[in-house]
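> Each chain, letter by letter, is given below.
Protein chains: 2
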Amino acid sequence: MRFKIILEYDGRPFRGWQKQENRIASVQQTVEEAITAFCGEQLTLVAAGRTDAGVHALGQVCHVDFSKPTTAYTVRRALNYHLRDKAVKVLVAEEVSEDFNARFSAITRTYQYRVLNRIAPPVIDVGRVWHVHYNLNLDAMREAAKYLLGYHDFTTFRDSECQAKHALRTLDVLDVTTEGNYVLFDVAAKSFLHHQVRNMVGTLVLVGRGKWTPQRVKDALEAKDRRAGGTRAPAEGLYFTSVLYEKYPKNFQA
Amino acid sequence: MRFKIILEYDGRPFRGWQKQENRIASVQQTVEEAITAFCGEQLTLVAAGRTDAGVHALGQVCHVDFSKPTTAYTVRRALNYHLRDKAVKVLVAEEVSEDFNARFSAITRTYQYRVLNRIAPPVIDVGRVWHVHYNLNLDAMREAAKYLLGYHDFTTFRDSECQAKHALRTLDVLDVTTEGNYVLFDVAAKSFLHHQVRNMVGTLVLVGRGKWTPQRVKDALEAKDRRAGGTRAPAEGLYFTSVLYEKYPKNFQA
Chain A
1 MRFKIILEYD GRPFRGWQKQ ENRIASVQQT VEEAITAFCG EQLTLVAAGR
51 TDAGVHALGQ VCHVDFSKPT TAYTVRRALN YHLRDKAVKV LVAEEVSEDF
101 NARFSAITRT YQYRVLNRIA PPVIDVGRVW HVHYNLNLDA MREAAKYLLG
151 YHDFTTFRDS ECQAKHALRT LDVLDVTTEG NYVLFDVAAK SFLHHQVRNM
201 VGTLVLVGRG KWTPQRVKDA LEAKDRRAGG TRAPAEGLYF TSVLYEKYPK
251 NFQA
Chain B
1001 MRFKIILEYD GRPFRGWQKQ ENRIASVQQT VEEAITAFCG EQLTLVAAGR
1051 TDAGVHALGQ VCHVDFSKPT TAYTVRRALN YHLRDKAVKV LVAEEVSEDF
1101 NARFSAITRT YQYRVLNRIA PPVIDVGRVW HVHYNLNLDA MREAAKYLLG
1151 YHDFTTFRDS ECQAKHALRT LDVLDVTTEG NYVLFDVAAK SFLHHQVRNM
1201 VGTLVLVGRG KWTPQRVKDA LEAKDRRAGG TRAPAEGLYF TSVLYEKYPK
1251 NFQA
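First to last, the protein sequences are chains A and B.
If you number the first sequence the way the numbering used here does, the last residue is 254 and the count never jumps.
If you number the second sequence the way the numbering used here does, the last residue is 1254 and the count never jumps.
Hints listed in this document are in silico derivations from the structure and should not be mistaken for laboratory results.
Please note: incorrect hints may appear among the correct ones.
Claimed, not checked - Computed list of chain A residues with no C-beta within reach of chain B, every gap over 10 Å:
(1) D10
(2) E32
(3) E33
(4) T36
(5) H56
(6) D65
(7) A78
(8) N80
(9) R118
(10) A120
(11) P121
(12) V126
(13) L149
(14) G150
(15) S191
(16) E246
Stated by the list, open to error - Label pairs and their calculated CB-CB ranges:
(17) B/S1191 to A/N101: 53 to 59 Å
(18) A/N101 to B/S1160: 54 to 60 Å
(19) A/K190 to B/E1246: 53 to 59 Å
Backbone N, C-alpha and C fix where the C-beta goes; we use that ideal spot for every residue, glycine too.
All chains, please: the whole structure from these sequences, using the hints.
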């Protein structure tokens, strides 16, 4: 029985999504241990996206196959019981057909990057925003963002250790909005390269500060060279917000 | 030289605003120690409102009198330096005239109470929302809220240890709105009784759950008896958001 599981987690106590040797405090390991405590078996969680250390999720989607019959209600309740002291919880559990794959069936992944743009350091949101105390020019950031939309070779904005076969991606959304003292970057694409969102946001903030012109972002993209890109925004401001599956539109919002 | 100081703090590590014997981890004590570290003197901070243990502030307003000349820029910078490891920061410092009193000049105080209304426990917002997993009837809560608006004797919603001389208050705003899975209660009044906001919200949630009718809130208010009131909402969902001063409208928003 395959279950789709939507998770919320705070990135701070974890070393990222992926289970690794000598790195027991990953989100994957933590939830897989809760699964073992629930059903007695060692099962593998497959996630829509592998978030880095410190990155948060409001709607990470995974799937897991249980060998014994159970219900969505039981899965959610039991896992949240075993996760009661952890910074990760199951928002939704749902039985799905075997052809659903959290990673490969995804057609859109969305992230939000949150900047706290004020002089005083964060208090309520410490560890969960990037604090930028410089004035940011929104219009300039929006102009630069337009150059990144669409189908491009994003080599300039991928991590030098990114393992994807190529850097061709289609960026569907890159909205820059404000909410009080927050500047929010909403992005959506079928898939992203390693560190792509943080590298794009870090570069846009350089534009917002007036260090870069919008045109320089266009030139950097066209250079297809990581050394032409701007700085990387820190992990703490990034939220993996949702995953869209063509056959499961009702689960777009976690 | 009198300075107005606007503070943001996370209520979790503090035992409330007010300095008390044997209770050093109050917000007041923490900020007064930063002031002493800055100017060498022991000065008293006067606040617009004394928040309870666990209650957060996005815009608590205080005043303090420095005996030596300084500037708003220096006050903010120096205090935030000395508060760098604390869950309280200075958002704004501003020199004001001697007739400004953070407590007595206030004409409106606003609070927001945040309920996370979903089945899964909070993760990102742990300690900063009240988690209510029951379905809440918004229309019923709004109908009940109308009975509380205006000039009333709020004895039913004051703490039994409230030290105010009488319970007559005018409630100007009590809005119930939603934002995703959050139910937000925005309240405004010239002043509040001890635990008034939390007692009102706790009672409205009983209405939302269907345990109380809206009419029962009206009857409880008219009973002028704490024992007729509903349960108290926990501190962790409450935010002291802003203070309005007639002569200082530009500082309404922190």
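> If a hint holds in the structure, say so; if it does not, say that too.
Right, here's what the structure says about each hint:
At roughly 5 Å from the closest C-beta of chain B, the C-beta of A/D10 falls inside 10 Å, breaking its exclusion from the interface. Remark: the non-interface label on A/E32 is consistent with the geometry, its nearest Cβ contact in chain B lying 18 Å away (cut-off 10 Å). The beta carbon of A/E33 sits about 17 Å from the closest Cβ of chain B, which is more than 10 Å, so the claim that it is off the interface holds. Every beta carbon of chain B lies more than 10 Å from that of A/T36, the smallest distance being close to 20 Å; the non-interface claim holds.
Distance check on A/H56: its Cβ comes as close as 6 Å (rounded) to a Cβ of chain B, failing to clear the 10 Å threshold; non-interface status is violated. Residue placement check: A/D65 keeps its beta carbon more than 10 Å from all beta carbons of chain B (closest about 22 Å). The Cβ of A/A78 sits about 13 Å from the closest Cβ of chain B, beyond the 10 Å cut-off, so the non-interface label holds. Distance check for A/N80 against chain B: the nearest CB is about 6 Å away, which does not clear 10 Å, and the non-interface claim fails.
The claim that A/R118 lies off the interface is violated: its Cβ sits roughly 7 Å from the closest Cβ of chain B, which falls inside the 10 Å cut-off. Chain B draws A/A120 into its interface by the beta-carbon criterion, the shortest separation being 5 Å against a cut-off of 10 Å. With a closest Cβ-Cβ approach of about 6 Å to chain B, A/P121 is found to fall inside the 10 Å limit, against its non-interface label. Distance check for A/V126 against chain B: the nearest CB is about 8 Å away, which does not clear 10 Å, and the non-interface claim fails.
The beta carbon of A/L149 sits about 26 Å from the closest Cβ of chain B, which is more than 10 Å, so the claim that it is off the interface holds. Distance check for A/G150 against chain B: the nearest CB is about 29 Å away, which clears 10 Å, and the non-interface claim stands. No beta-carbon of chain B is positioned within 10 Å of the beta-carbon of A/S191; the least distance is around 24 Å. Consistency note on A/E246: stated as away from chain B, and its beta-carbon is indeed over 10 Å from all of that chain's, at 24 Å minimum.
Here the CB-CB span from B/S1191 to A/N101 is close to 58 Å, well matched to the stated 53 to 59 Å. Distance hint for A/N101 and B/S1160: a CB-CB separation of about 58 Å, consistent with the stated range 54 to 60 Å. Take A/K190 and B/E1246: their Cβ atoms lie about 55 Å apart, and the range 53 to 59 Å holds.
Violated hints, listed in ascending order, are 1, 5, 8, 9, 10, 11 and 12; each of the other numbered hints is respected by the structure.
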